[in-house]
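Visitor: Here the protein sequences come in this chain order: B and Y. This note's numbering applies: residue 20 is where the first sequence begins, and numbers increase by one. This note's numbering applies: residue 6 is where the second sequence begins, and numbers increase by one.
Check before you lean on any hint, since a few could be wrong.
[Stated by the list, open to error] Just some of the chain B residues that point at chain Y, by a computed CB distance under 8 Å:
| hint | residue |
| --- | --- |
| 1 | Y235 |
| 2 | A236 |
| 3 | S242 |
| 4 | A243 |
| 5 | R245 |
| 6 | G307 |
| 7 | A344 |
| 8 | I347 |
[Unchecked claim] Chain B is faced by these chain Y residues, among others (derived, beta-carbon under 7 Å):
| hint | residue |
| --- | --- |
| 9 | A333 |
| 10 | P335 |
| 11 | F356 |
| 12 | L367 |
| 13 | G368 |
| 14 | I370 |
| 15 | W379 |
| 16 | L380 |
| 17 | H384 |
Don't read these hints as lab results, they were simulated from the structure. Glycine included, each C-beta is placed from N, C-alpha and C at the ideal position.
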Amino acid sequence: MSEGLATPQMPGDPADARARERRWRGLFRSIGMLPVLIVLGLLVQGLDLWLTGEGRFLSWQNLSIVAQQASINAVLGAGMTFVILTGGIDLSVGSILAASAVAGLLVSQNFGDLGILAALVVGLVIGFANGALIAFLRLPPFIVTLGALTAVRGIARLLGNDTTVFNANLPFAFIGNGALSIAGVASVPWLIIIAFLVIVGAWLILRRTVLGVHIYAVGGNESAARLSGIKVSRVLLFVYGASGLLAGLGGVMQAARLYAANGLQLGQSYELDAIAAVILGGTSFVGGIGSIWGTLIGALIIAVLTNGLILLGVSDVWQYIIKGAVIIGAVALDRYRLRGSART
Amino acid sequence: MPAPAEGQPILTLRQVSKTFPGVKALRSVQLTIYPGEVHALMGENGAGKSTLMKIVSGAYAPDPGAEIRIDGKPVVIDGPQAAQALGIAIIYQELALSPNLTVAENIYLGREPRRGLAIDRAAMTAGCRDILASLGASFGPRVVVGELSIAEQQMVEVARALHARSRILVMDEPTTALSARETERLFALIRRLKAEGLAIIYISHRMAEVYELADRVSVLRDGGYVGTLGRDEIKPETIVRMMVGRDLSSFYTKAHRDGSGGAPVLEVAGLADGKRVRRAQFTLHRGEVLGLAGLVGAGRTELARLIYGAETRTAGTVRLAGKPVAFASPAEAIAAGLVYLTEDRKAQGLFLDMSVGDNINLGVIGRDAAFGVWLDRAHAYARARDAIATFRIRVSGPEVTVGALSGGNQQKVLLSRLLATEPKVLILDEPTRGVDIGAKSEIYRIIDDLAQKGAAILVISSELPEIVGIADRVVVMHEGEIVGEVGGVDGPAITEENIMALAAGVALREPA
Numbered sequence: 020m021s022e023g024l025a026t027p028q029m030p031g032d033p034a035d036a037r038a039r040e041r042r043w044r045g046l047f048r049s050i051g052m053l054p055v056l057i058v059l060g061l062l063v064q065g066l067d068l069w070l071t072g073e074g075r076f077l078s079w080q081n082l083s084i085v086a087q088q089a090s091i092n093a094v095l096g097a098g099m100t101f102v103i104l105t106g107g108i109d110l111s112v113g114s115i116l117a118a119s120a121v122a123g124l125l126v127s128q129n130f131g132d133l134g135i136l137a138a139l140v141v142g143l144v145i146g147f148a149n150g151a152l153i154a155f156l157r158l159p160p161f162i163v164t165l166g167a168l169t170a171v172r173g174i175a176r177l178l179g180n181d182t183t184v185f186n187a188n189l190p191f192a193f194i195g196n197g198a199l200s201i202a203g204v205a206s207v208p209w210l211i212i213i214a215f216l217v218i219v220g221a222w223l224i225l226r227r228t229v230l231g232v233h234i235y236a237v238g239g240n241e242s243a244a245r246l247s248g249i250k251v252s253r254v255l256l257f258v259y260g261a262s263g264l265l266a267g268l269g270g271v272m273q274a275a276r277l278y279a280a281n282g283l284q285l286g287q288s289y290e291l292d293a294i295a296a297v298i299l300g301g302t303s304f305v306g307g308i309g310s311i312w313g314t315l316i317g318a319l320i321i322a323v324l325t326n327g328l329i330l331l332g333v334s335d336v337w338q339y340i341i342k343g344a345v346i347i348g349a350v351a352l353d354r355y356r357l358r359g360s361a362r363t
Numbered sequence: 006m007p008a009p010a011e012g013q014p015i016l017t018l019r020q021v022s023k024t025f026p027g028v029k030a031l032r033s034v035q036l037t038i039y040p041g042e043v044h045a046l047m048g049e050n051g052a053g054k055s056t057l058m059k060i061v062s063g064a065y066a067p068d069p070g071a072e073i074r075i076d077g078k079p080v081v082i083d084g085p086q087a088a089q090a091l092g093i094a095i096i097y098q099e100l101a102l103s104p105n106l107t108v109a110e111n112i113y114l115g116r117e118p119r120r121g122l123a124i125d126r127a128a129m130t131a132g133c134r135d136i137l138a139s140l141g142a143s144f145g146p147r148v149v150v151g152e153l154s155i156a157e158q159q160m161v162e163v164a165r166a167l168h169a170r171s172r173i174l175v176m177d178e179p180t181t182a183l184s185a186r187e188t189e190r191l192f193a194l195i196r197r198l199k200a201e202g203l204a205i206i207y208i209s210h211r212m213a214e215v216y217e218l219a220d221r222v223s224v225l226r227d228g229g230y231v232g233t234l235g236r237d238e239i240k241p242e243t244i245v246r247m248m249v250g251r252d253l254s255s256f257y258t259k260a261h262r263d264g265s266g267g268a269p270v271l272e273v274a275g276l277a278d279g280k281r282v283r284r285a286q287f288t289l290h291r292g293e294v295l296g297l298a299g300l301v302g303a304g305r306t307e308l309a310r311l312i313y314g315a316e317t318r319t320a321g322t323v324r325l326a327g328k329p330v331a332f333a334s335p336a337e338a339i340a341a342g343l344v345y346l347t348e349d350r351k352a353q354g355l356f357l358d359m360s361v362g363d364n365i366n367l368g369v370i371g372r373d374a375a376f377g378v379w380l381d382r383a384h385a386y387a388r389a390r391d392a393i394a395t396f397r398i399r400v401s402g403p404e405v406t407v408g409a410l411s412g413g414n415q416q417k418v419l420l421s422r423l424l425a426t427e428p429k430v431l432i433l434d435e436p437t438r439g440v441d442i443g444a445k446s447e448i449y450r451i452i453d454d455l456a457q458k459g460a461a462i463l464v465i466s467s468e469l470p471e472i473v474g475i476a477d478r479v480v481v482m483h484e485g486e487i488v489g490e491v492g493g494v495d496g497p498a499i500t501e502e503n504i505m506a507l508a509a510g511v512a513l514r515e516p517a
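Construct the entire structure; sequences and hints are all you get.
Guide: This is the structure:
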């Protein structure tokens, strides 16, 4: 945690220059993957120009599509960032997303907008259940959420009677397909606005609140956190609750886009994309180090890659292979660059 | 310098330096070891003994310019394997055995005999039996190591070293966890190994052991080489002077008024945890520095953690300022004004990736925060600056990562965190462990100052001179119980002998 509590600087201090340099290095670390994102974008644009002569990637319309594609993953990634910062993992977010979406759609059929609340509550409750098992029974997060991955998938199917749930008149469909018109000049899709608000909220919590410091502390050294009076179980309960809640929000976004949800298929392997976004963002897998902006960039890298490969007409099979290779390659590059300066 | 052992030295170190970020751990150290000698390496904590031995065993690389010779030939020890190949074996304080494997598997680890693709267990068992028998071990090769006592595990380490045909054996404080009888047997073993021509580098704090065992003594201080004494020159006073580099009386600070007659602040009675602690009781007074002495394993840390709410008690009472308390968590203890400094600052105390500022403020950010939520960064920054100035923490600013600091400065950061909560009672567990001499005496001054301001302080320490130097009164723990007390208004004198006798379970004679 290079950018800590102690950011204000006294002017004229001899340590001033060094402190400034250190802050720059901290900033550099948190934007570490930004160059990769930019290079990737330019590469897609260049290849498209070369192959088709069109250069379709860098258009407002396409960039907006990329951002929308990244939005749900960014929301899940924000929750995952909290969890991974404490040294944990949440494998259940894809399943929670599916259960929430199904629940939201079912409730919306009779109660309209209350569907949003239903989806969020389902996410939060499952998240807290994960958190309670991890915090109070001291079970390993990997095992608890691996179990939840399967069990909650079953709950999603059960809720929808193992069929696809529809609502053609979804009252909150604007969330998935509408856009906010700003002074008649620009219109920003609601998916992007929601994702951005979530990221800013997560940043505020991590950097400006006591809870944020405690999250870093628990991930940095759990036994020291306990001994120094931090209520570790509360912190764990919060991060898994937050991850569940945000997965519920992801469910709302997904349902609003599709007007439908299938408990079996929706959100399959979304947890892996969310984890990939966090790791691409430079957050340490053992906890204690990382930033939410990195996660945003990580989610964008994945979206650019997916969008670019489709744009370039790469076959589905090769998309998988290339995506996996880029994730490993980008992280390897990052580790090489930061050699010796941080753990895992 | 006398030349005790004849012939060519087996190991020669010259110009060995080691720099870590922010601290020079070794400065141009030299050492000469002969075959068939027990060479004691002494020095205060933080003097550089462990760093030097980690260089010898290949765990650290020295700074460029170091010269290491074995049998007169220059060598490069670039890893533990290289050290092993050169015949160097090291037995660390924390034993490096796999507790889930058998004795034979541990001894042969990495060198398993094979028959085809399979491990040749029969050959392993037979090979170990010989070595174990020659060491006089009472256990067989098939026993799982986790079931052995610490002394027996040490024997396994020695067996492993012998099996690897090591000629230089480094032992880092091997007797800390041993009983008197086990120590005797270890010494007999060391003498036998010595007679067989092994060179033994023996790291210890205990003067008596060194006096009994060592052929020569080399002393390090603050990362530098001070000198080497021959057998005839080994005298406690000489060694202490070499280790400390100044008079002991100016080293400890005891300016506060003896607080052992003050009002009781912390009263502990019949405290037990069902494991290590049995019926512990003592009283700590306002303005008092109370020492808690005892051997390693006597239950001192466990007792402290019980009081602090980090463990669950099974019996007994604790009163804080007269009111009974039973803290369910450290958070409750801190809120009541009782803090605990852990003996293991890296594993249990500090957040090494976080800044000095965050580490200092961690206990109080909740109190300072607006609505208990939003961080008050300006306040935190000012507090960190204050602490850095008051405790002379050598760091360029609060934003530096704590992991980059030296042990002494890390300890002061941790102390600053405790003091930020403005505690009334402090339990300090080995407050100067792994701290250099300068920081040590500053920590003593901080403790003295706190007592003067009326805090009640319990100091747990394994270093007797430290306890004798700073405490008003000392209670001694033995096998989970407080077995005696020295000092205070009319108790027996606070001497190392009196404390040691109690710690070993011997009753004190009534003072005449």
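Visitor: Looking back at the numbered hints, which does the structure fail to meet, lowest number first?
Guide: Numbers 7, 8, 9, 17, in rising order.
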